[in-house]
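> Chain by chain, the residues:
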Amino acid sequence: MSFQRANFSHPEFRIGVAEFLRPAPGIAAWGLMTGVAMVKSGIGIFESLLMALLVFAGSSQLASIPLILAGAPVWVIWATGFCVNLRFVVFSLHLHHYLSHLVTWRRVMTGYLTADLAYVLFVRRFPHPATDAAGRAAEQAYLAGSNLMNWGAWVSSSLVGIALANFIPQSWGLGFAGILCLVGILCSLATTRLRVLSCVVAGIVGVAAYALPLKLNIIVAIGVAVILCLTMEKLRPAPHGRALS
Amino acid sequence: MDINWHTVVVVLGLALVTVLARGFFLFSNKTWQLPHWAQRGLQYAPIAALAAVVVPEVVTVQGQLVDSWQDARLYAAAVGAGAYFWRKDVLFTIVAGMAVYLPLHLGLGW
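Chains A and B are the protein sequences, given in the same order. Per our numbering, the first sequence starts with residue 9, numbered consecutively. Per our numbering, the second sequence starts with residue -5, numbered consecutively.
Treat the hints loosely; a few may be bogus.
Unchecked claim - In silico contact screen, one side only, chain A against chain B (beta carbon under 10 Å); selected entries:
hint, residue
1, L62
2, L75
3, M117
4, Y127
5, L156
6, W159
7, G160
8, V163
9, I193
10, A219
11, L236
12, E241
To be verified - Estimated spans, in silico, between C-beta atoms of each pair:
hint, chain 1, residue 1, chain 2, residue 2, range
13, A, W83, B, G101, 38 to 46 Å
14, A, A141, B, T54, 26 to 34 Å
15, A, V111, B, L102, 52 to 60 Å
16, B, F79, A, F16, 33 to 41 Å
No wet-lab data here; the hints were simulated from the structure. All residues carry an ideal CB built from backbone N, CA and C; glycine is no exception.
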């Protein structure tokens, strides 16, 4: 798992921490608002604390709140959470190339602790999995630093949000800082024309299919955008040597 | 403290859902080889997923397209995106976006 002693003393650990300093305030603002939103919408304090500490996934937490309050069947809430989290399944496939030297429970724990931003920063810093022990140690240390920052920013701000719920008016709209954080990441990924196309198509389909149940509009939008881009790629092959990251 | 145990079960299940999703392929010892189309798909899936989540959050209210230009989110997101391409900095994106959002939202009620 990420939190092993050897990771903390490795120089890459500090780099992982330092690179996460920039997105951390956005994560914290989002966590703060999620903490406030959970309590304000009527989820109990204890249940909100458990949610912040264990679920550790903002979008599925936020998506589950109205369903919990509406008394939706348990399986619907869990299935919705899984659909919203489906991108992580893809991340896990990719992360396996970096984690295959670990035993199963450590691999799974590392995956559990690696949320969106940590994943994006990690694969940006290490576009290709290391092939030797030193390289793998560097990867693990970087990921530990990044994950620790992410977890710390998310959990501490959620706890503060839960505590401050009675003092922060929801009307301030601080949660929008989380969306702006995602806007920034989205722009950072828009490095090729086909990726911009993917972004535009997914945005349009995400809105057009919003009425679908279980947040399936997100899944449909990803599917349509990816299939369209792959088709475009077939029609007009990518130039050789284009960066894979 | 009043604890709703039904909600506790839901929350513990959601935590397992996070483990299942983030660990999905990591439960296996085998490194799964993705077919070529899937590898290429990884180029486009992350940005598509973010756009699918973010765009409805910016341009809709409960799934209905905004019918007014007096909506702080539109301007904040546009300025945020512009700010990113100017400075290539996510924190700057958030600061610039909120600098537009808060006055419009709190000051003008947009």
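> State for each hint whether it applies.
Hint check results:
The interface hint given for L62(A) is met, as the beta carbon of that residue sits about 4 Å from the closest beta carbon of chain B, less than 10 Å. Hint on L75(A) holds. Least Cβ distance to chain B is approximately 9 Å, under the 10 Å limit. With 10 Å as the threshold, the beta carbon of M117(A) comes within range of chain B, its nearest partner Cβ sitting at about 8 Å, so the hint holds. Checking Y127(A) against chain B by beta carbon gives a least distance of about 9 Å; that is within 10 Å, so the hint holds.
A hinted interface residue such as L156(A) counts as satisfied when its beta carbon comes closer than 10 Å to some beta carbon of chain B; here the least separation is about 16 Å, so the hint is violated. Interface restraint check for W159(A): the shortest CB-CB distance to chain B comes to about 12 Å, outside 10 Å, so the restraint is violated. A least Cβ separation of about 17 Å between G160(A) and chain B goes past the 10 Å threshold, and the interface hint is therefore violated. With 10 Å as the threshold, the beta carbon of V163(A) stays out of range of chain B, its nearest partner Cβ sitting at about 13 Å, so the hint is violated.
With its C-beta approaching chain B no nearer than about 6 Å, I193(A) sits inside the 10 Å limit, and its interface hint holds. At its closest, the beta carbon of A219(A) sits 6 Å from a beta carbon of chain B; the interface hint therefore holds under the 10 Å criterion. The interface hint given for L236(A) is met, as the beta carbon of that residue sits about 9 Å from the closest beta carbon of chain B, less than 10 Å. Taken as an interface hint, E241(A) checks out: its beta carbon lies about 6 Å from the nearest beta carbon of chain B, inside 10 Å.
Range check, W83(A) to G101(B): Cβ separation about 45 Å, and the 38 to 46 Å hint holds. Distance hint check: the CB atoms of A141(A) and T54(B) are about 49 Å apart, inconsistent with the given range 26 to 34 Å. Remark: the range hint 52 to 60 Å for V111(A) to L102(B) is upheld by a beta-carbon distance near 56 Å. For the pair F79(B) and F16(A), the supplied restraint of 33 to 41 Å holds, since their beta-carbon distance comes to about 36 Å.
Against the hints set out earlier in the document, violations occur for numbers 5, 6, 7, 8, 14.
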